[in-house]
Amino acid sequence: MATEKRTKSDRLASATQAQWIALPVRAARTRRGMIGLIIAGIVGLIAFIGPFVSPHSPLTFLAVPFAPASSSLPLGSDILGRDVLSRVLNGGWLLLLMAFGATAFGILLGGGSGMAAAYFRGRADGIIMRTVDVMLAFPALVFVLLLVSLVGPKIWLIMVAVGLVHAPAVARVIRSATLDISERDYVRAVELQGVKPWKIMRQEILPNLVSPLMVEIGLRLTYSIVIMAGLAFLGFGQAPPAPNWGYMIQENRVGLSANPLSVIAPAALIALFTIGMNTFTDAVARVAIGLERGSSKAADSGSTSNLMPVTGAGEVSA
Amino acid sequence: MSIEEIGVRGKAPDRDVGLSWMSRHPMVALLLRRGGIGVVTLVIVSIIVFAATEVLPGNAAYAVLGHTATPVRLHAMEVQLHLNEGLLAQYWSWFSGLITGHLGNSLVNSQSVWSLVEPRLINSGVLVATSGVIGILAGVLLGAYAALRRDKWFDHISSVVLLAITSLPEFVVAITLIIVFATVVTHLLPAVSIYPPGTYAWNDPKLLVLPVVTLVIVIIPYIMRMMRGAMIEALESDYVQMARLEGIKSWKIVLIHALPNAIAPTIQVIGLTVLYLAGGIVIVEDVFNFPGVGQGLVSAVSNRDIPVIQFMVFILAALYVVVNIITDVIALLASPRRRLVR
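As given, the protein sequences belong to chains S and D, one line each in that order. The numbering used here puts the first residue of the first sequence at 9, with every later residue one more than the last. The numbering used here puts the first residue of the second sequence at 26, with every later residue one more than the last.
Excised from the complex, chain D in its bound form (with noise of 0.2 Å):
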């Protein structure tokens, strides 16, 4: 410990106590400060959801009835949507919902909102963390792989490949799988992935395949993409030239010296995927019919069922938000020197 160190911990006590914990600790008060930015992005993005039924053309009684709305319906929408209420109670009656879990009842079959979101969250969690699992790793891997093979026929042929797959949206991945896998070319998989009810995504592994295949294609480009111009400027760097010179064995210097070196920059990235995942579900759940919180976006929006969109909405954005967080911090606790300039 140097003598500056101890000198600034030393002066530590003479400031109040709330500074000198903080001060002693600069990463809890960079996780104190990005949850506090989280925490007012989450208000925020609560207020916009709650205003945008609010504030556009055409009140959201007349949106969820429409040309079936007489005078004496309307009201009675209002009054269960609680539209005859001030602004700022209804406000707040949908906020404490949003914490008390009492999120009111679905438009359509009056069944409470948690009790149809809970198990689409448990299937779509299921969903985001296999495709999210074997995609990441599969990126690094290859990403890597097209690094050390730098201008050899793979690296030119993957670059090309994956130019074309980052074009591609989603839906048309989906359907070329299940023209291949399901329906034209061969039969080995099923086309749709629909669950009967009270069953959840791991009771049947198989109706899992090609929704995670599709995310898993969609995601590996930005991953591997990243993952290969990291890892060449690892495998140029000074402490990689050394290795060799010291004869280390070359899997060795790959495995120890730049594959850690390379993972670190490409943290951001993943962040990115898992962020990406969050609203690429929706139109990947709704090609495979996956009884997802996307799948359930899309028919509560069809439906115009307003209860249910608000809280999926906001549980997407707030998943966004908290990644996005997570990310950050592990960004910076990656790279000691941005941790010291923040």
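Just chain S, with the same shape it has in the complex (with noise of 0.2 Å):
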């Protein structure tokens, strides 16, 4: 028994690096995690080149307020008659890398110490989660805008604060994870061998957490973008003229019966990408399962097969 988990656990440390990788790209070949893979990679595309092919200033104004497209303006004009799709152009951008920044700090904080937790135990395990029960007691939203209050909306704030919002649901996933590998006979031969913590997390247990930290990976990703575009929503991202598709939203919605594109451009490639990311850390979570059980076709099979029609069509409309 031991023999056999010792073998499995080589061939899973040797295979460490192709794993964070192969997850993934499995996902990404069922079609569920290509249909999500392809609408979420599409918005990165307009919001990173986006910025490079605007047409015209996203702070320039240009025509009345609120004007109905034309040839010159394709998506009208806004609240102060700049051009709506070169802003929504350039609001992206930076949305989304305060996402991917909160998500890895979000990752690292809450990874680590779950895994922390789980593998010390004892003292280190009550207080960290201990200090998780504490910060759940807040709603996230809440905390943010309690520390956004104080400190004004900084961009590095936002990050670091949203981060923090999902580093506790992070760690209880992680030391849930952790507990039962920390057990295995091959973890405690290494412990043997005088290997220090560190480097037995690092190398030993990591390894077996591939599939809970991508699928963590894709739920923060998405959540960070529900957060950071209502925060920018609410009037807490970027000072006012700089574009953003949560801020574009609010600014806009009095014009909403003059040119309601100006609030639906922005509104759909925020509901693209939380669809598409979604959808693809749907699949992941297919896939890790599908591994678990010893096939990897069981993440393919029967229940998604009907569906695919309907996911993209009823949104891409909007």
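Worth double-checking, as some hints may not be accurate.
Covered, in the sense of this in silico footprint (three residues per stretch, anywhere, with C-beta under 8 Å from a C-beta of chain D), are these stretches of chain S [what the hints assert, rightly or not]: (1) 134-145; (2) 155-163; (3) 230-239; (4) 262-272; (5) 280-287.
Pulled a few chain S residues facing chain D out of the computed Cβ check, cut under 8 Å [stated by the list, open to error]: (6) 149; (7) 150; (8) 275; (9) 290; (10) 293.
In case anyone wonders, no lab produced these hints; they're calculated from the structure. Using N, Cα and C, we set each Cβ at its ideal position, and we do this for glycine too.
Since each chain comes alone in its own frame, lean on the hints to assemble the complex.
Below, the structure written as structure tokens:
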């Protein structure tokens, strides 16, 4: 029994690097995963290439407020008569970057402390998990608003605050995943050889956490976008003249009847990105479950097959 | 009553009074413990809310005044916020205010904090209760229906729609509803829910419709998904198979045997939903200008009205803690096995 596990762990350890890539690649090959990745990818491309191809400056006044779409302004103009298309093309990259940053921070902090809590047990576990309990006693957005209200809507602060919101939830998931791994024979064996704890966590435990971590990263990235766009919508993002998908919805909603595209375009991009990310994450989770059950086919079987035409259609037309 | 049980009961009077009372009522002990943890959490939360205004860079008086800060005004503001007193004294005066209801005045219009927050609490309460009840009922029923129609078209379509909805930010859902029902497509409903001063949410139910529908749409997927899973498990269980073999009518099996057993595991998710609502109202209320705690918090944050912020954040966190405890206890009550383990 022990030897069997030992060989398995060897195989896992040698394939560590490959695994981080293999899981999302496998997920991308499923129907659900591919559609999710394509949707999110298109929005990502718009966000990051947009600034280089935008026809006008996002800040210059070109027309009357809320002018309807025309050949020169394909999406019309916004509340101050600026080009909606140019603002949409410029208004996503920082939002996405901030979401990536907050996700990375939250995963590192939460994953690290969750692993440490499960591995060291005892006192460290108690302290970390009680902290987690208290942090989970705040509604996420309220916690971020509290911080923002005191320091001001600084970009670094929003990233740190959103990361802090993620950390306790990630810590819980990773702790419970680590608990049963740290009990396994091969971990005990390495411990007896006197290997340092952080090295054991990195080399023996981390490779086994690829699936839960990948799923968490996907979920947290989606959630980061939701919170950050929400904060921007409330007016706590970049300072006003700068374009931002979240804030565009807020500032242009008074002109909803005159030029609905000024609201619909940024809202649709946010919606598409979160839907795409979530769908892809769902595929990753399915593949991970399939791998656990010993067959990679389980992920793509049955229930997913009939659904796909529906996913994109309803949303893309928005 | 078994012999062992009587034996345990017989022993009880030997112990000290508190313990024997608790051992006779394990649920009471559990309630006390969860309640105790809750109180401790609330105190810690109050310390964090208070400390956040104190420890973070930039003193609160400066945060309030911003660019208009002059040494004289800074000093006046420090006195108003009690920043010139010791840390402990400051915390104590705030904390005792929380208990006695003397929370000081808003920095913006010098109304008392409580008189500002009270009507908002009532309005938010109405909003959360209405959308909670509708959303939970609809989620449970739709989830059960999806389980009964497992792998039929309703189940397939709903699972995709649910995945899409769970990924949407609330304000996108809200704006979509506004576009469809209040501006671009039709004008059936008001786009904003502004109430005249002195009136409450129930005075004009029409204004409540869109905020409620938004929250209902956002919470349904979680409940529905959980309910579907639990219901499928219940339908496949031995007791339902047994009931089928006994020839009990299938609607009776669903209503009497499967549904109640499927609701028990769903309770945890229902609790999480109410928790979500405590934070979710912030954005939804802001979209519709609904005069509740969430919108109040946003405007207080924009104005840096620190006493109001502190109190509202504490109230929302307190609600969180209380709902958490209630859910835990209900979940334990609903499952005898876990009740005994603890």
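Status of the hints after comparison with the structure:
| no. | hint | verdict |
| --- | --- | --- |
| 1 | 134-145 | holds (count 3) |
| 2 | 155-163 | holds (count 6) |
| 3 | 230-239 | holds (count 5) |
| 4 | 262-272 | holds (count 5) |
| 5 | 280-287 | holds (count 5) |
| 6 | 149 | holds (5 Å) |
| 7 | 150 | holds (5 Å) |
| 8 | 275 | holds (5 Å) |
| 9 | 290 | holds (6 Å) |
| 10 | 293 | violated (11 Å) |
Of the numbered hints listed earlier, the single one contradicted by the structure is hint 10.
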